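Chains as they are written, first to last, in the numbering used here: chain A, 1 to 109; chain B, 1001 to 1113.
Warning: the hint list may mix true and false statements.
Stated by the list, open to error - Straight-line distance between alpha carbons at most 30 angstroms, and here's what the computed DSSO-like set of lysine-lysine pairs gives:
| # | chain 1 | residue 1 | chain 2 | residue 2 |
| --- | --- | --- | --- | --- |
| 1 | A | Lys108 | B | Lys1070 |
| 2 | A | Lys45 | B | Lys1057 |
| 3 | A | Lys42 | B | Lys1018 |
| 4 | A | Lys96 | B | Lys1070 |
| 5 | B | Lys1013 | A | Lys91 |
| 6 | B | Lys1013 | B | Lys1053 |
| 7 | A | Lys108 | B | Lys1013 |
| 8 | A | Lys91 | A | Lys42 |
| 9 | A | Lys45 | B | Lys1013 |
| 10 | A | Lys2 | B | Lys1070 |
| 11 | B | Lys1055 | B | Lys1013 |
| 12 | B | Lys1055 | A | Lys45 |
| 13 | A | Lys45 | B | Lys1003 |
| 14 | B | Lys1070 | B | Lys1057 |
| 15 | A | Lys42 | B | Lys1013 |
| 16 | B | Lys1013 | B | Lys1070 |
| 17 | B | Lys1003 | A | Lys96 |
| 18 | B | Lys1055 | A | Lys108 |
| 19 | A | Lys108 | A | Lys79 |
| 20 | A | Lys108 | B | Lys1053 |
| 21 | A | Lys42 | B | Lys1057 |
| 22 | A | Lys42 | B | Lys1003 |
| 23 | B | Lys1013 | B | Lys1071 |
| 24 | B | Lys1055 | A | Lys42 |
Since the hints were made in silico from the structure, they are not lab data.
These numbers were taken from a predicted model, which means no experiment stands behind them.
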Amino acid sequence: RKEVEQDPGPFNVPEGATVAFNCTYSNSASQSFFWYRQDCRKEPKLLMSVYSSGNEDGRFTAQLNRASQYISLLIRDSKLSDSATYLCVVKVGGNKLVFGAGTILRVKS
Amino acid sequence: DVKVTQSSRYLVKRTGEKVFLECVQDMDHENMFWYRQDPGLGLRLIYFSYDVKMKEKGDIPEGYSVSREKKERFSLILESASTNQTSMYLCASSSTGAGNTIYFGEGSWLTVV
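Work the whole structure out from these sequences, hints included.
Given below as structure tokens:
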């Protein structure tokens, strides 16, 4: 079993739609959680950290469920510019980060 | 802005050649990392370093070595390149701490023929 698992997609949604991604992790001792965004042939960039109480940044909402060991990302009112690959990232100890393989989102007009 | 610079963006090398990938960060970060990214596999950690002259193996260190002689510079070395090392290589850095962000360079696309 992979340490961090994501549905690879692609998720094809129309502009304005709400879309949600889940990510599961296997190490119950995981400490920190993040969502990164990666555009085609570019480097990953931090989208948002995920806090225990859940957090929101504009149209993006992240949730953490430690009991079930998953995190989620909700995107409301999708824009064409949201099209990218979304990487779930888990810090498992020390400074080691484990990346999911990513979920592809395609927003279409 | 944090800057992680990978000097070589696109390289084509022959099987058996020695390959150096250089990475420099300008934020005085303690930690530096080398990942490779392949379709469907995500980012896999090759090596990381948490201090000058210190290095630790990641998940896939075979066929690679690293060097960190200065805090700002972390080099990845392929001693004898092979075709299965064709990939995108990403360097990253972060400061020490539980929630500190990791910053990536733009990536080096290596093709071994």
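So, going through the hints one by one against the coordinates:
1. Among the hinted pairs, Lys108(A) with Lys1070(B) is inconsistent with the structure: their alpha-carbon atoms are about 46 angstroms apart, more than 30 angstroms.
2. A hinted pair counts as satisfied when its Cα atoms are at most 30 angstroms apart, and Lys45(A) with Lys1057(B) qualifies at roughly 24 angstroms.
3. With a CA separation close to 25 angstroms, the supplied pair Lys42(A) and Lys1018(B) stays within the 30 angstroms bound.
4. Pair hint Lys96(A) plus Lys1070(B) holds up; C-alpha atoms about 21 angstroms apart against a cutoff of 30 angstroms.
5. A C-alpha spacing of about 34 angstroms is found between Lys1013(B) and Lys91(A), which places the hinted pair above 30 angstroms, so the restraint is violated.
6. Proximity of Lys1013(B) to Lys1053(B) is assessed by CA-CA distance (about 27 angstroms); at most 30 angstroms being required, the pair is judged to hold.
7. Taking the CA atoms of Lys108(A) and Lys1013(B), the gap is about 39 angstroms. The hint is violated against a cut of 30 angstroms.
8. The straight-line distance between the Cα atoms of Lys91(A) and Lys42(A) is roughly 22 angstroms, inside the 30 angstroms bound, and the hint therefore holds.
9. Under the criterion of a C-alpha separation no larger than 30 angstroms, the hint pairing Lys45(A) with Lys1013(B) is consistent with the structure, at around 28 angstroms.
10. Between Lys2(A) and Lys1070(B) the CA atoms are separated by roughly 34 angstroms; this puts the pair beyond 30 angstroms, and the hint is violated.
11. Taking the CA atoms of Lys1055(B) and Lys1013(B), the gap is about 26 angstroms. The hint holds against a cut of 30 angstroms.
12. The hinted pair formed by Lys1055(B) and Lys45(A) meets the criterion: a straight-line CA distance of about 24 angstroms does not exceed 30 angstroms.
13. Of the pairs offered as hints, the one joining Lys45(A) and Lys1003(B) holds, with about 12 angstroms between alpha carbons and a cut-off of 30 angstroms not exceeded.
14. For the hint linking Lys1070(B) to Lys1057(B), the alpha-carbon distance of about 19 angstroms falls within 30 angstroms, and the restraint holds.
15. Our distance criterion of 30 angstroms between C-alpha atoms is met by Lys42(A) and Lys1013(B), whose separation comes to about 22 angstroms.
16. Using a Cα cut-off of 30 angstroms, the hinted pair Lys1013(B) and Lys1070(B) holds, with the two alpha carbons roughly 27 angstroms apart.
17. About 20 angstroms separates the Cα atoms of Lys1003(B) and Lys96(A), which keeps this hinted pair within 30 angstroms; it holds.
18. Distance check on the hinted pair: Lys1055(B) and Lys108(A) sit about 45 angstroms apart at the alpha-carbon level, beyond 30 angstroms; violated.
19. A threshold of 30 angstroms between alpha carbons decides the hint, and for Lys108(A) with Lys79(A) the separation of about 8 angstroms falls inside it, so the pair holds.
20. Straight-line distance between C-alpha atoms of Lys108(A) and Lys1053(B) comes to about 49 angstroms, which puts the hinted pair past the 30 angstroms bound.
21. Pair hint Lys42(A) plus Lys1057(B) holds up; C-alpha atoms about 25 angstroms apart against a cutoff of 30 angstroms.
22. With a C-alpha separation of about 15 angstroms, the suggested pairing of Lys42(A) with Lys1003(B) holds against the 30 angstroms cut-off.
23. Between Lys1013(B) and Lys1071(B) the CA atoms are separated by roughly 28 angstroms; this keeps the pair inside 30 angstroms, and the hint holds.
24. Pair hint Lys1055(B) plus Lys42(A) holds up; C-alpha atoms about 26 angstroms apart against a cutoff of 30 angstroms.
The structure shown violates the earlier hints numbered 1, 5, 7, 10, 18 and 20.
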